[in-house]
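**Student:** Next come the chains, spelled out residue by residue.
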Amino acid sequence: MDKQLRGAEIFVKALSDEGVEFLFGYPGGAVLHIYDEIFKQDKVKHILVRHEQGATHAADGYARACGRPGVVLVTSGPGATNAVTGIATAYMDSIPMVVFTGQVSTALIGNDAFQEVDCVGITRPCVKHNFLVQRVEDLAETIKKAFYVASTGRPGPVVVDLPKDVTAAVTSYSYPKTVTMRSYKPPVDGDPEQIHRACDLLLSAKKPMIYSGGGAVIGNASEELTKFARLLGYPVTQTLMGLGAYPGSDPQFVGMLGMHGTYEANMAMHHCDVLISIGARFDDRVTGDLEKFCPEAKIIHIDIDPASISKNVYVDVPIVGGVRSVLRELNQAIESSGRAPVDRATNLWWAQIKEWASLKCLDYDKTSKLIKPQSVIEALHKVTDGDAYITSDVGQHQMWAAQYYTFDKPRRWINSGGLGTMGFGLPAAIGVQLAFPDSVVACVTGEASFQMCIQELSTCLQYNLPIKVVSLNNRYMGMVRQWQEFFYESRYSNSYMDALPDFVKLAESYGHIGMRIDQPGDVVGALEEAFGLRDRLVVMDFITDQTENVYPMIAAGKGQHEMHLATDDRELA
Amino acid sequence: MTERHTLALLLENTAGSLSRVAGLFSARAYNIESLSVAPTEDPTISRMTVVTSGSPQIIDQIVKQLNKLIDVIVLVDLSDGLRVERELLLVKMRHDNDLEKDKILKAVGKLEGALLDTTEGVSTAEITGSSAQLDEFVRLVDSSILELARSGTLGLQLGPKSLNSK
Ligand SMILES: Cc1ncc(C[n+]2csc(CCOP(=O)(O)OP(=O)(O)O)c2C)c(N)n1
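So the sequence lines, in the order shown, correspond to chains A and B.
Our numbering puts the first residue of the first sequence at 1014, with every later residue one more than the last.
Our numbering puts the first residue of the second sequence at 6, with every later residue one more than the last.
Think of the hints as simulated: they come from the structure by calculation, not from any bench.
Keep in mind that the hints are not guaranteed to be accurate.
As the list claims (entries may be wrong) - Example chain B residues on the side facing chain A (calculated, C-beta under 8 Å, incomplete):
1. Glu17
2. Ser24
3. Gly28
4. Asp65
5. Arg99
Unchecked claim - Simulated coverage check for chain A against chain B, where a stretch passes if three residues somewhere in it have a Cβ under 8 Å from a Cβ of chain B:
6. 1129–1138
7. 1191–1198
8. 1348–1357
Cβ coordinates follow ideal geometry from the N, Cα and C atoms, glycine included.
Given the sequences, and given the hints that come with them, work out the whole structure.
**Tutor:** Okay, structure coming up:
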């Protein structure tokens, strides 16, 4: 007879057989059998966070940076509910993650037992799938399925709820090498006929536009995307989630699009005649008013998720498949067609785009006596050679980081785009730094967001993570203040961050280094000093111009061609 | 532009699968007109019939989102082809005199239903038919109805096609 193992042992062995490096977690009654087994081994490294939200964001950051699923373990009840924000964050951005939640023993389920919540029910709308393991015999296979579902097709978080008695019960163990599920068959290759139609449409375009999204990053299609764009010579714009898949410093890149996209990107979107969307989902922050979106364009859409296609915007040529394999086939089709793009027309198109770009919509006042937040990001780019992993929180600082830190590589820009979760940045940086211990990792944050998961500074000390926190401290929930200025006649209701802590002392009390910078002339020097401290976490508190707004801006409900610019602060039509 | 569609699904017969489908409809504010579900000849698989309505674009999304659920094995929009749709109605009707009883029996007869029981001036009948036929029956006997239960629509494609072979 095979050796009999307890569920908790099976759990740890299965993670190790799955190749899991890090388990981000926090203990509690329902998972104590598992913690006991974690104690007895050293293959799977447990990272003790200070709040379960931090565990999910850290696992998420790890997954975004390295592509492997992030793994979380939390206890039942409050442990599970604390994890929900991080699960929803990963779900909205299609991040592969497996979250194990403790549960009360099967006999107690439904009895309102101590620390019981219906975890499967609570997480159902924000997971790709979830499982409740009711028998120890199902445990190993369920774990295998969880990793399979989380990391294939359109990735996403999977929750596995583990009743305490299941982790105590015994059975024989073998970890399945593969798993098939009759109800789950993720698509891979695109339909050749559609690929040909797309190729024809692209080669006859006069005003073409390439619109690339998070799918190009998650689908590891950076190389194929770059080749595709170079073959055609067409303008490329990327979504907030897509930055870096195509090099930001390339002349074909016209900037990010959407609510805070560049003038040229949004104008080009509005006027293009053929649009190809590559792993982007026509989010409302991108399209603005749907009625006014790309009125003249024939649209091609590559996406691994058929439900993303024609959801918000009608698509003429849908191609369901992995972005990478479809782009390969599309590149081949273009090369073997013997045709070239319509040069004369596209030259005129580029001339038009250059004219829009000459507005220099990202220019800002460089003579100010106050620190301009944009200048901090530009300096950050310089000091880190544009090669750092940048995580971010949510607000104005997030948009400035996206606009001014030119991302040339995929998976370097790590932010909560879909859910917009404040508190994401610091714990996400933990996951990134663990995945790449020798790389430079910076968290761009605001003084409001930073305080939402600030307890993780303690985790950073415990595991010696030399993250650099770049806080753009404007003493406001800046993004909220900006909306109140624009749409509520400057009634700054509850957006002022009163009673702020002394961030230098706060960093020090957590065992780190704190710096306060309030002179524009000190910005570069401070960054150089902080990034020179290779083995220390530094919190840089930049006291920035409180009145600065994020431009350009398309107000909600407006079309892409109706932007607010910084220079004149008036609407352009 | 609202269309009514009948969707037939095979899904894993697990504890959560029904709530995944129901949750999808409520989370995305889709209509459910009726929903019926029961195990098939293979006890690990349930068959569900959902009648829903919406614009063609919404119906397209409903089909795609349902297909995306990990528990859904196969889905066919029955409205795309030749099909049979049936619903079962169980109904209890009160009649205080022969005239009323006669009216009820006539209505049951018209729809080829069956009278199951008559006790103390209350008749119980069973009727199968399309939802529209059952609606018509309910209109005919409306004033006599004490209580009724409807199964929701069930559907099959006609001819050799089946969900099992898809
Ligand atoms: C958890 C959470 N609560 C509330 C919000 C709404 N929100 C969006 S941006 C923002 C202000 C962020 O302020 P700060 O972190 O200081 O960044 P700034 O905009 O000033 O750069 C708020 C409150 C959110 N996105 N997430």
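**Student:** Next, verify each hint and record whether it holds.
**Tutor:** Hint-by-hint comparison with the structure:
1. Glu17: For B/Glu17, the interface hint holds, since the closest Cβ of chain A sits about 6 Å away, which is under 8 Å.
2. Ser24: holds, 7 Å
3. Gly28: Holds, because the Cβ-Cβ distance from B/Gly28 to chain A comes to roughly 6 Å (cut-off 8 Å).
4. Asp65: holds, 7 Å
5. Arg99: Violated. Min distance 40 Å.
6. 1129–1138: holds (count 4)
7. 1191–1198: Since three or more residues must qualify, the claim that chain B covers the stretch 1191–1198 of chain A holds, with 4 doing so at under 8 Å.
8. 1348–1357: violated (count 0)
Consistency with the previously given hints fails for numbers 5, 8, ordered from lowest to highest.
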